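Residue numbers (the numbering used here), protein chains in the order written: chain A, 1 to 352; chain B, 353 to 531; chain C, 532 to 1061.
The hints are simulated quantities; they were obtained by calculation from the structure and are not laboratory data. Take these hints with a grain of salt, some might be off.
What the hints assert, rightly or not - Pairs of lysine-lysine residues, derived as DSS-like cross-links and limited to a Cα-Cα distance of at most 27 Å, are as follows:
{"id": "1", "chain 1": "B", "residue 1": "442", "chain 2": "A", "residue 2": "347"}
{"id": "2", "chain 1": "C", "residue 1": "743", "chain 2": "C", "residue 2": "607"}
{"id": "3", "chain 1": "B", "residue 1": "442", "chain 2": "A", "residue 2": "350"}
{"id": "4", "chain 1": "A", "residue 1": "2", "chain 2": "C", "residue 2": "1025"}
{"id": "5", "chain 1": "A", "residue 1": "193", "chain 2": "B", "residue 2": "442"}
{"id": "6", "chain 1": "A", "residue 1": "2", "chain 2": "A", "residue 2": "177"}
{"id": "7", "chain 1": "C", "residue 1": "920", "chain 2": "C", "residue 2": "622"}
{"id": "8", "chain 1": "B", "residue 1": "442", "chain 2": "A", "residue 2": "113"}
{"id": "9", "chain 1": "C", "residue 1": "556", "chain 2": "C", "residue 2": "627"}
{"id": "10", "chain 1": "A", "residue 1": "256", "chain 2": "A", "residue 2": "225"}
{"id": "11", "chain 1": "A", "residue 1": "28", "chain 2": "A", "residue 2": "2"}
{"id": "12", "chain 1": "C", "residue 1": "560", "chain 2": "C", "residue 2": "576"}
{"id": "13", "chain 1": "A", "residue 1": "113", "chain 2": "B", "residue 2": "422"}
{"id": "14", "chain 1": "A", "residue 1": "2", "chain 2": "C", "residue 2": "743"}
{"id": "15", "chain 1": "C", "residue 1": "607", "chain 2": "C", "residue 2": "597"}
{"id": "16", "chain 1": "A", "residue 1": "28", "chain 2": "A", "residue 2": "138"}
{"id": "17", "chain 1": "A", "residue 1": "113", "chain 2": "B", "residue 2": "468"}
{"id": "18", "chain 1": "C", "residue 1": "560", "chain 2": "C", "residue 2": "736"}
{"id": "19", "chain 1": "A", "residue 1": "3", "chain 2": "A", "residue 2": "113"}
{"id": "20", "chain 1": "A", "residue 1": "3", "chain 2": "C", "residue 2": "1025"}
{"id": "21", "chain 1": "A", "residue 1": "101", "chain 2": "A", "residue 2": "215"}
{"id": "22", "chain 1": "A", "residue 1": "3", "chain 2": "C", "residue 2": "743"}
Claimed, not checked - Covered stretches of chain B (in silico footprint by chain A; criterion: 3 or more residues with CB under 8 Å from a CB of chain A, positions within the stretch not fixed):
{"id": "23", "stretch": "404-417"}
{"id": "24", "stretch": "428-435"}
{"id": "25", "stretch": "498-512"}
Predicted model only: the values in this text are computed from it and were never measured. Yeah, the Cβ is synthetic: ideal placement off N, Cα and C, and Gly gets one too.
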Amino acid sequence: MKKFFSITLTFVIAFGGLGLGQRILMPKYTTGIVEGALIEEYYHEKAPHDVIIIGDCEVYENISPITLWEEYGITSFIRGSAQQLIWQSYYLLEETLKYEKPEVVIFSVLAMKYDQPQNEAYNRMTLDGMRPSVQKFKSIRASMLPEEDMISYVFPILRYHSRWSELNSEDFAEAFKRQRRFHNGYYMRADIKPVETIPEGRVLANYDFGENAYKYLDMMVELCKENDIELLLIKAPSLYPFWYDQWEDQMVEYAKKHDIEYINFLELIEETGIDFSVDTYDAGLHLNVTGAEKLSMYLGSFIKDNYRLKDWRSDGDLAEIWQEKCEFYHGMKALQYEELEKYGYLKSIKGE
Amino acid sequence: MKKILLCFMLIGIMVFSFAACSDEAVDGNQNENGQNGGQQDEVEEETNYEFEHNGALIAVNMEASEVLPKLGEERSYFEAPSCAFDGIDKIYSYGSFEVHTYPSGDTDYVSAIILKDDSVVTSEGVYIGDTKDKVLGTYGEDYQNMDGAFVYEQGEGKLQFIFVDDIVAAIEYIATESK
Amino acid sequence: MLFTSHTFVIFISLLFLLYYTIPKKYQWKLLLAFSYVFYFIAGPKFLIYIIITTVTTYLAAVRIGKHYRHLDAYLKENKQTLTREDKKAYKSGVKKIQWKWLLSALLVNFGMLFVIKYINFTIANINWTLEVFGSGQGLSFVSIALPLGISFYTFQSMGYMIDVYRGKYPPERNLGKLALFVSFFPQLIQGPISRFDDLAKTLFKEHQIDAKNMSFGLQRILWGYFKKLVIADRILVAVNTLIGDTAAFDGSYVFVLMVFYTIQLYADFTGGIDITIGIAQVLGIKVQENFLRPAFAKNTAEFWRRWHISLGTWFKEYLFYPISTWQPMLKFTRYSRQKFGDRIGKRLPVYIAAFAVWFTTGAWHGSSWNFIVWGLLNFAVLMISDELKPLYAMFHGRFNVEGTFHHKVFQILRTNFLMSAIRLLDCYRDVPTTFRMFGSMFARADLSIFTNGGLLDIGLNVEDYWVLAIALMVVFAVAIAQRRGSVREQLYSKPAIVGRAVFYLLFVAIIVFGAYGIGYESSQFIYNQF
């Protein structure tokens, strides 16, 4: 009996130790490239959302769920991440349905240009944050590049062990509980960098989106249909990467064929009131907070007019939850503007 | 007894023919590992395709700081941010062509040279607007066909011709290996 | 399959599990199956070579054994009727037939090895010769890839063949068992080269679960991975950088390369053997040691008794002695003793045999001149140090330093320096370049690289050096402790928690500090293509 107990204890301490080490060694994305911390924040949500938004930086930098709440009482969450590939979006959506059932799902179609796995760093930022699940496993399998392997996703310590020489205080401080950095998946940037010139798109040999991309788009459409969810496809008003007419045509045709709504915000610059001299923080790739709010005003109005969603501002419990979120949002906004006044750039984002 | 010895000989001959006829693609100098690891393949130094402008020769993977001064003042400069990482790729537009760079460590290297109109020409004399046959005649048949584009690989990069109705619509020098 | 791949870890875990759950009489068969699966994964089309080796070895050995049995029976039967001359004549007649079998097997197998490994080298030299004589023609090269472990298993099988021929032991009648001996997978990648009678003691037995043995084996495996992943793979980055740019890294950097390459080779090779022996131990099989703290050798001769022991033994047993005791060679010995006097005359044939052995040892390591020169340089050092013996004796007669600690340290450092210097031929692969770089170590010495951060320009940062330093200290401490007896036994005698803590720390050290994964070049195990 004693032997059994001592062996069990040994194993517990051994694996516990390794688990702790793993938590410490995994990157926390606290400064600089913070986008790696996006996915994980979803699991801390206390209330369901009527709108789930999936996609890459074109969603998590251009839409403000706080504005959607404050102006329209719409509850939403952006499950976005850096260069999120379409199958990663699909599996994230499938996984989300285990936790809740939204009324509307919004997907940014820029990811259609990536038919195959792209980059290990981006894969990690999207996948490591997911909780273990069948969907995570499938997403990993679909995303892996030749130099990657499954076991280093199951045991991330095998991937990040070499960080031992770069550990800092935040790796320890946030080993178990992460600080909140985003606003229901929105990454706030209050700085401004106006658009100068955007290079024209290069001539492509082939403008058709890949088969793999279409496959997952079909699956997404199917999933939404099965679950009685309205799917809305959007193209964000990003001036770069270049959005070709041929791509636009394909999306318009696809949407028509499957009877889905498709909004191209590049054609709604006037309607949304976006001004590229003040509403972007990186010369046209992404909107900043003022731009995101403008776009969200339009988007919210569209949602209100087209989908019968409840205005949840009257619900006491939800209002309380969202009140706190709004405070956090406006607090961060104020801080960022303060930093801009003082230093001319966002010191805290840079990690200085 | 002799029969079995004969069998042995036959097996031996068979084996030699196996060995000789095996078509494993291995370079002629099959160096052993000796006492240390890995095989060091001898890589032939191939030159990259070069583009000439203003008397300057540029090719992919050259250091940007060496190349750009020779091209004069750029019409416009764009830093291409990506989804999460800071703006790293740079695009220098010179009107009729663009030079793209990428960083490796602290240095920027040329990742691509994009020809945009027929006022510039490749070092081998092909313009935008030339026919597919001219390309074949100049560069030969040793190309890869990617969605209709002709891709000629050499050294650390490739030279890509995109056609619209069999006429050259785009010419791009692209690095295939990074520093 | 690399030892350090995830696949391999799963592979042996599966083997360990199955090995002790199936009926014991199938254990060796399971090993055979796993060995062939291992080989299959390495390259299915190469299976034909190892099968040919197995079959030819089996047939020839069985035949030779049969002749021995007939010989014994005949002699016994006719003990009374035969004269001594008759017996001798009969024996030599049998020997002739047996020799034919042996020769066939040797020709087929060594022939295969030669063609696969050395044909391009031969062609290159033929072409070079033709060029020298002005001929424009040349032979074209052949495309051949090396089957996994061919140098190791060929030598191992041929050793067995020669042993059977010499009547050392009867041949293995079970083809499956012989096949296992030839293809035993832990030995395929870098040896050791086992003797049949030695390995057979435990290879085919039925094995119980022996907790102590298994835990010792696992410790040994972990120790091997520690040396390989934490030390060897880490320092490999620097070694490759130094070799990759001979223009930038000459002068004192060559010395750095000497040291670093030695560390890498030691850690990688001994680590790999640790894994091999450890796996065998978990399976209840005893594989002979291949290293005996070689860094502590006091002279080259001793070094070769401590390093890659199984190879040295093989060459001594199957090349050196046969050559030295060959009739023509004995005749030559007598001739040279007459011609050149006793002193030289006695040594000449030994040196000739040794030359042949070292030439072949060099060639065994690689099919290019740098390896052969490496072998010959070893021979030169051995020969010179032999010739210098009287000089040393004179020196030690004068000064009373022999046996002192300082003298021992000097000897150890000298031997290591010599061996590391010769090993540079491995690094630069080209003989003239190696000599040039070695020369530059003195001609363009620049000791400032050790103080101005020059060591941080070769792919390792400060943290890496810390890890290496600590890991090497651990290895050194273990080596010192080993002189008092098996380290694992010493641990075993402490309370259980100590052993488990060591085990755990080793494991964590490998996981955290191992130089594996994305960001590190996937490095092949040294000796992988043998």
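Verification of the supplied hints:
1. B:442 with A:347: holds (23 Å)
2. C:743 with C:607: violated (48 Å)
3. B:442 with A:350: Roughly 20 Å between the alpha carbons, so the hint for residue 442 of chain B and residue 350 of chain A holds.
4. A:2 with C:1025: holds (18 Å)
5. A:193 with B:442: holds (16 Å)
6. A:2 with A:177: Violated: residue 2 of chain A and residue 177 of chain A sit about 36 Å apart, past 27 Å.
7. C:920 with C:622: violated (44 Å)
8. B:442 with A:113: Status holds; Cα separation ~21 Å.
9. C:556 with C:627: violated (39 Å)
10. A:256 with A:225: It holds: about 15 Å lies between the C-alpha atoms, which stays within 27 Å.
11. A:28 with A:2: violated (40 Å)
12. C:560 with C:576: Holds - the C-alpha atoms of residue 576 of chain C and residue 560 of chain C are around 22 Å apart, at most 27 Å.
13. A:113 with B:422: violated (35 Å)
14. A:2 with C:743: holds (19 Å)
15. C:607 with C:597: holds (15 Å)
16. A:28 with A:138: Measuring from Cα to Cα gives roughly 24 Å; hence the hint holds.
17. A:113 with B:468: holds (22 Å)
18. C:560 with C:736: It holds: about 11 Å lies between the C-alpha atoms, which stays within 27 Å.
19. A:3 with A:113: violated (59 Å)
20. A:3 with C:1025: Answer holds: residue 3 of chain A to residue 1025 of chain C is near 17 Å, not above 27 Å.
21. A:101 with A:215: holds (23 Å)
22. A:3 with C:743: holds (15 Å)
23. 404-417: violated (count 0)
24. 428-435: holds (count 7)
25. 498-512: holds (count 5)
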